[in-house]
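Colleague: For reference, the chains in residue letters:
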Amino acid sequence: MAEPVTAETVRERVDGFLAGHDPAGDRMEFLRARFDAGLAWVHYPVGLGGLGAPRVLQPLVDQRFAAAGAPDNSPRRIGIGLGMAAPTILRHGTAEQRARFLRPLWTAEEVWCQLFSEPGAGSDLAGVATRAVRDGDGWLVDGQKVWTSMAHQARWGILLARTDPAAAKHAGLTYFLCDMHTSGVEVRPLRQATGEAEFNEVFLSGVRLGDELRLGAVGEGWAVARTTLMNERVAIGGAALPREGGMIGVLARTWRQRPELRTPALHDEVLRLWVRAEALRLTGIRLRQQLAAGEPGPEGSAMKLAFAALTQQISGTEVELLGAEGLRHDHWRADRPEELDLLGRGPTYRWLRAKGNSIEGGTSEVLRNIVAERVLGLPAEPRQDTGVAWKDLPR
Amino acid sequence: MTLDLRYTEEQEQLRDSVRAMLTDHAPWARVLKVAESPEPDDADLWRLLSVETGLAGLAVPEHLGGAGATLAETAVVLEELGRAVAPVPYLGTTVAAQLLLHLGESGLLRELAGGEPMALALPFDVGPAAPVPSADAGARSAVSRSRAGSSPVSGLRLPGVEVSTAPDGNPLLNGTVSSVADALRARMLLVPAGGALFAVEADAAGLTRTPVVSLDETRPLCDLSMWNAPGRLLAAGDRAASALDAALVAGAALLASEQLGLAQWCLDTTVEYLRTRYQFGRPVGSFQALKHRLADLWVELVQARAVARHAASAAAQGDPDARLAAALAQAHCGPVAVRAAEECVQMHGGIGFTWEHPAHLYLKRAKSAAVAYGTAAHHRATLATLADLAPASP
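Quick mapping for you: the protein sequence lines, in order, are chains G and F. So in this note's numbering, the last spot in the first sequence is 395, and the numbers never skip. So in this note's numbering, the last spot in the second sequence is 394, and the numbers never skip.
To be clear, the hints were calculated from the coordinates, so they are not data collected in a lab. Cβ atoms here follow ideal geometry from the backbone N, Cα and C, with glycine treated the same way. There could be a bad hint or two in this list.
[To be verified] Now the stretches of chain G that chain F is said to cover, found in silico as 3 or more residues with beta-carbon under 8 Å:
1) 96 to 110
2) 144 to 158
3) 362 to 372
4) 378 to 386
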């Protein structure tokens, strides 16, 4: 391996690239060229959009491109691809799979979705019932997935399916990359409590997938899925914000602009929430500093737990601060938002949407179990499903 | 400016050596014995920490006999002292050092760095006052301006100590200050009186220190009374006010690290107990009702660490955000330490409520510290001003 890549080299590379590529030219050409120059995600390997550089240098690259007015790859629209599919393919994919999927994933030519949760397997994800059966040199998949955001726009899905029902539940799983355009894949909008349909149900009926779409070995699906899940938790809890940059800013602005709504009791509540929001923001900064210094800790789970509780309470307080005015909802149309905006729309929307924060990406209850057992080292709850064939489990 | 919220390698080494020292010299049984004794603190332990190890002057410049480190290192020492509920006047002496540094009192600083404990003669609950809102902020919220009072340091007006002049022209102090921490063995008391600051020798004629039976006997309080006690004028007016303010801001910031260390001990000890305590044929720690509460406590602690490090770094670097950081630290870390200690008692069950288990020492220290340098509510009121979140009109 060559000498380590420094901030200086990265800066030179970006400037060199910008000298040869017009940021105002064709967007997709620009993005593809940026990937090929190793400036997509600099911590990825050379040849796969990166330079094998330290991850901390990525913000420098993004800032430099943004300052030059370069087009971005709509990172919010392809969050599942960037945050979950890509690290999993990088870690567990074959050379062919990495070469085939990572470039269009990063350029947003191909949107990804996650086919994990099922009506019968939520918190107990390892209990998925979607079956994948060998069919000649490929696989035949049947089952139902749920809570699949972006499925209606996705070209590919990361799919967890059961290949051996006679094995214990964690042992009988295999991980696939599912072609969302193939026959037998049906996507239906799933309307949630906010009225909109951010998510989908995905029905898989006799879906044929070639064996080249299997990621990792047969029966190793759980280990592969854990890579995805670890990255999901980081993705949800990890955004860097300035002071009052999150939901607390909305509440604080309302408080400042509407003195007639203030009461002493609400004042104390707003201050308590402000303290918690600032504490959480600093925790995120510290976590990011640790990651950048190569000292990753388990604090990401703390971020997600605290974030969910905090957004729920801030938005609830905002509704009460506004009184009857806070009860006026904008509309109940079944919109299909392209990008999730937790701060978007009105107070009642924020309050309702925040209810999902403690459910999506691992419920707060499951996260507390994980923290208690993996971080604190407390003993596991006695289980009924250890060493039992998946097909023999009560359901 | 983005402050570094991590620990440096040197700080981790400092932590290891302080922890090793406290493990050997301040096991909890000894802490309890000192707390039960008429002695105000552990004189041997103080000598070890201050004279032999030089920690009293850790953040005092080297040319004044200190170690030339910063408050970010002092904060790490306080984490470990909190973890051990060590009965030494370290916090009060550190705060006194900040005041003396502000005034450039090199003689007193040399004595302090040499191991002489010193203390501010203020009730333990006096914290930094909320600043008067600027004209800008005032225009947005006239209400908070009218409520904030005029003095930038309410502490200067708090104790009832009056200043008169002796026939030889030197100042004499008269009055009482109740519930003062870390003062019983202090060599020098720094007394705010009449809008100025005075240094009063511990053995000065007319000074009486009366021990108070305290909730936290690992950091006992005392009442001071001065009866024509001779004092030396340190500073007056704005200079006195800003020195006192700086010391109190530093105190609030640093106390958060002590609270963090205390909370970490409570969590660690409770987790260890729940792993080994069996009831109903299984470890008590396998019950979700307890696991989830400890997970929540850990989440609070992770945040308390970020907040305490932020306050320590801001204080160490004289960051413009230091006042807000200190208020935030006390608004957050005080309640976290109390909750950690309360959970520690509760989850230990019967044993946790006995005199023979250390949990009660931590419980008492946590509650006492939650009041020290201002309660969480006091600091939330400060944040209301600093973050421009004005209260409701009366």
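Colleague: Against each hint, give a clear statement of whether it holds in the structure.
Modeller: Each hint tested on the structure:
Restraint check on the region 96 to 110 of chain G versus chain F: 0 residues with Cβ-Cβ distances below 8 Å, three needed, restraint violated. For a cut-off of 8 Å, the count of residues in the region 144 to 158 of chain G with a CB near a CB of chain F stands at 0, and the three-residue condition is violated. A count of 6 residues in the region 362 to 372 of chain G with a Cβ less than 8 Å from any Cβ of chain F is obtained; the coverage claim is therefore met, three being the minimum. Check result for the region 378 to 386 of chain G against chain F: holds, 5 residues qualifying (beta carbon to beta carbon below 8 Å, three or more required).
Of the numbered hints given earlier, the model fails hints 1 and 2; all others are met.
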